[in-house]
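Engineer: Here is what each chain is made of, one letter per residue.
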Amino acid sequence: MYRNRAGALPFILPHTGIRPRRALGSPVKAALFVPCYVDALFPEVGIATLALLERLGVAVEYPLEQTCCGQPMANNGCEKDAARAEALFARNFAGYDYIVAPSGSCTHHVREHLTAIPQTAAVRRVRHSTYELVEFLHDVLAVREFPWAEFRHTVGLHIGCSSLRALRLAKASEIAEPGFSKPMALLSKVAGIRFAQPSRPDECCGFGGTFSVFEEAVSARMGHDKVSDHAGAGAEYVVSGDMSCLMHQRGCAQRMGSKLKFIHIAQVLNGARS
Amino acid sequence: MTKRIDHSEAASKFIAAKDHVEFHDRRLWDLRGKRDRESGALPEWESLRTLASQVKEHTLTHLAAYLEEFEANATANGAIVHWARDAAEHNQVVHGILAARGARVLVKSKSMLTDECGMRPFLEARGIEVMETDLGERIQQLDGEPPSHIVVPAVHKLRGDVARVFSSTIGTDAGNSDVHYLAESQRAHTRPYFLRADAGMTGANFAIAETGAVVVCTNEGNADLSVHLPPLYIASVGIEKVIPKVEHLGIFVRMLSRSALGSPITQLTSHFRRPRPGQEMHIVLVDNGRVERLGMADFWSSLKCIRCGACMNTCPVYRRSGGLSYGATYSGPIGVIIDPTFNLRKFSSLPFASTLNGSCTSVCPVRIDIHDQIYKWRQVIAARNQLPIVKQEAMRAAGKVLGSPRLYRAAARATATGLAQLPRALVYNPLNAWGRQREVPDAPAQTFREWYLENRKPRKKP
Chain A
1 MYRNRAGALP
11 FILPHTGIRP
21 RRALGSPVKA
31 ALFVPCYVDA
41 LFPEVGIATL
51 ALLERLGVAV
61 EYPLEQTCCG
71 QPMANNGCEK
81 DAARAEALFA
91 RNFAGYDYIV
101 APSGSCTHHV
111 REHLTAIPQT
121 AAVRRVRHST
131 YELVEFLHDV
141 LAVREFPWAE
151 FRHTVGLHIG
161 CSSLRALRLA
171 KASEIAEPGF
181 SKPMALLSKV
191 AGIRFAQPSR
201 PDECCGFGGT
211 FSVFEEAVSA
221 RMGHDKVSDH
231 AGAGAEYVVS
241 GDMSCLMHQR
251 GCAQRMGSKL
261 KFIHIAQVLN
271 GARS
Chain B
1 MTKRIDHSEA
11 ASKFIAAKDH
21 VEFHDRRLWD
31 LRGKRDRESG
41 ALPEWESLRT
51 LASQVKEHTL
61 THLAAYLEEF
71 EANATANGAI
81 VHWARDAAEH
91 NQVVHGILAA
101 RGARVLVKSK
111 SMLTDECGMR
121 PFLEARGIEV
131 METDLGERIQ
141 QLDGEPPSHI
151 VVPAVHKLRG
161 DVARVFSSTI
171 GTDAGNSDVH
181 YLAESQRAHT
191 RPYFLRADAG
201 MTGANFAIAE
211 TGAVVVCTNE
221 GNADLSVHLP
231 PLYIASVGIE
241 KVIPKVEHLG
251 IFVRMLSRSA
261 LGSPITQLTS
271 HFRRPRPGQE
281 MHIVLVDNGR
291 VERLGMADFW
301 SSLKCIRCGA
311 CMNTCPVYRR
321 SGGLSYGATY
331 SGPIGVIIDP
341 TFNLRKFSSL
351 PFASTLNGSC
361 TSVCPVRIDI
371 HDQIYKWRQV
381 IAARNQLPIV
391 KQEAMRAAGK
401 VLGSPRLYRA
411 AARATATGLA
421 QLPRALVYNP
431 LNAWGRQREV
441 PDAPAQTFRE
451 WYLENRKPRK
461 KP
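First to last, the protein sequences are chains A and B.
Mapping of the first sequence onto our numbering: residues 1 to 274, in sequence order.
Mapping of the second sequence onto our numbering: residues 1 to 462, in sequence order.
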């Protein structure tokens with residue numbers, strides 16, 4: 001079972017101040033939400049997330065009837081069409097102290113935009129209890145060591161825009177405040193890792209959900225620019241907590257004939273060597 | 001029925017001109033970088049943003065009182081104040097003032113409001129020559145294009161483009177695209193107009209209720225020449241430009257140019273308060289939809305905007321699509337949330353010209369929640385049936401599939417196997433926008449759920 005540096009399990013949800021109903025000392029229980037595109041296209045990211053959480057002593061459950069958080073419909077303005085997916089999400093994840101998702105934009109949707117269904121106490125609790133993986137590791141479990149992890153490559157860190165500006169996982173370059181970066185804090189504990197310095201570290205990569213197809217020209221241009229920036233900075237890998245951004249960037253890189261590779265942060269933290 | 005602006009199509013044309021999109025992106029990103037350095041140098045920057053937002057919110061929620069105070073003080077100063085309900089009334093008022101005095105030549109400085117009202121063609125059709133004296137605005141006027149950016153109107157043009165426009169209009173050497181030569185030529189061409197003009201015109205960055213002064217912030221000095229030389233001066237002022245006191249101006253003056261160009265302050269900050277002896281000064285206060293916007297619960301705070309353009313400079317979509325692709329007076333993130341208030345159907349694609357990355361909100365000096373408003377406009381557009389049918393149907397279908405575990409699992413399986421089995425020609429056909437410039441992901445052997453059932457839960461018996 002994982003304990004933080006103070007020796008005690010963390011017991012306050014940092015962004016809500018809510019105390020989960022759990023006795024101190026018992027293992028952290030969490031439900032795993034595997035976003036639809038990760039389930040269908042990148043199962044290895046779901047597997048790494050599950051394995052990492054289990055390695056850290058978290059008792060993970062994966063509700064089998066889960067589908068999607070509702071974001072694709074709501075981001076297109078079709079909140080009503082998101083209602084069934086949102087109701088399912090709320091039902092599948094009701095009652096868990098923590099819901100963990102390896103995706104910033106899904107977490108953001110659940111917290112800020114899961115509003116197409118009646119906001120019962122149970123729904124509100126699900127929304128408050130949903131965490132993106134990096135913030136769960138960094139803020140809730142307060143993990144600071146990954147002794148099993150080793151990644152001997154130069155990586156460009158990509159923080160998806162929802163993770164960056166909505167979940168505030170790091171300082172955005174345009175905000176005047178002291179610097180911080182939760183994903184960087186975690187990755188810097190991985191043995192052998194080196195970081196490339198792209199010239200526009202937090203410029204949006206242009207995925208944007210259906211933006212990627214309805215605004216294809218702009219989206220692809222942004223993606224190609226992003227790939228060039230990482231490659232130009234000497235990155236071998238782009239690492240991100242947001243697989244949707246990586247799917248887009250990887251698609252661009254492959255078409256451009258770039259050798260850049262892409263990997264989810266859960267895989268790196270779980271000990272993937274390449 | 002009004003035709004919808006197709007931002008995506010217009011943007012793809014802009015992107016096709018490689019040199020242009022590269023320059024445009026680099027130039028505006030450079031302004032964003034300068035803005036970061038200037039704002040970062042003020043330890044109180046984020047507090048200034050809050051303060052500026054509070055002053056604007058206070059003023060907008062007491063708008064009638066401050067406008068009346070402004071009118072009373074401006075009138076006491078000797079200006080004549082007019083009220084215009086909409087663009088048509090604004091243009092008629094301005095034309096009325098000019099016509100009554102027999103004015104034939106009008107020199108003006110940059111004003112988004114006069115563009116918003118379509119004033120130039122209105123006056124030109126009535127025999128009045130209008131000279132834009134701001135360099136960028138003049139380039140656009142000569143090229144028959146609207147401004148593509150609210151601060152740098154011709155930023156989408158390379159100097160070769162400007163040389164082409166100037167050579168065919170003001171007679172410069174077509175082969176000479178030296179920046180100083182072009183700027184000096186425009187200056188030499190414009191100067192005589194200041195002396196000939198019957199009237200001068202400006203917009204307003206701020207209108208101060210306490211003093212009745214119109215405040216104009218510029219870098220070229222052309223606004224001051226437009227005001228001080230002709231015998232008649234007209235200022236067009238949107239009603240949201242009013243602020244209570246001079247002491248509040250300091251907050252905005254510190255933020256405006258830092259946000260816009262990354263310079264500490266504009267070269268000139270002019271308070272036009274009263275006409276000089278023998279001059280007439282008119283101020284036209286314009287609503288044109290602002291009162292209606294003020295009544296919109298989700299969108300009223302867009303009226304806080306001070307037109308700095310920081311949201312445009314930081315916007316990765318704007319930088320790669322150019323201001324003209326928005327087909328509206330206001331482009332970029334701020335345009336996307338203002339334009340639908342003028343015509344929902346016409347501008348219904350604009351809130352989708354965004355990745356919702358939120359950088360616009362972070363740079364806004366008056367803390368407008370721009371990307372949240374973009375999200376909310378999308379809900380309004382869908383609810384009023386203004387989505388393209390194909391998207392509407394796709395979302396309805398997606399909602400059904402993702403709302404049912406059984407249908408979802410079938411779709412997830414089909415996605416995984418489909419990618420593996422479909423012939424490349426089908427995946428990368430011209431109708432598949434994803435595959436035009438990107439590869440699709442490799443197909444996994446199984447979904448996560450399938451893996452989980454095999455590895456974490458006992459298998460179900462057949």
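It is worth saying that the hints were derived from the structure and are not from the lab.
Hints should not be assumed to be uniformly reliable.
Straight-line distance between alpha carbons at most 30 angstroms, and here's what the computed BS3-like set of lysine-lysine pairs gives [unchecked claim]:
1) A:K171 to A:K189
2) B:K18 to A:K261
3) A:K80 to B:K18
4) B:K457 to A:K29
Engineer: Starting from A:K80, check that the Cα of B:K18 is at most 30 angstroms away, please.
Structural biologist: Distance of about 40 angstroms is beyond 30 angstroms: violated.
Engineer: For the pair we were handed, B:K18 and A:K261, check the Cα-Cα distance against 30 angstroms.
Structural biologist: Given pair B:K18, A:K261 holds - Cα atoms ~26 angstroms apart, limit 30 angstroms.
Engineer: Straight-line Cα separation of A:K171 and A:K189 no greater than 30 angstroms?
Structural biologist: 19 angstroms, holds
Engineer: B:K457 and A:K29 were given as a pair; does the straight-line alpha-carbon distance stay at or below 30 angstroms?
Structural biologist: 17 angstroms, holds
Hint 3 alone, counting from the list given before, is not met by this structure.
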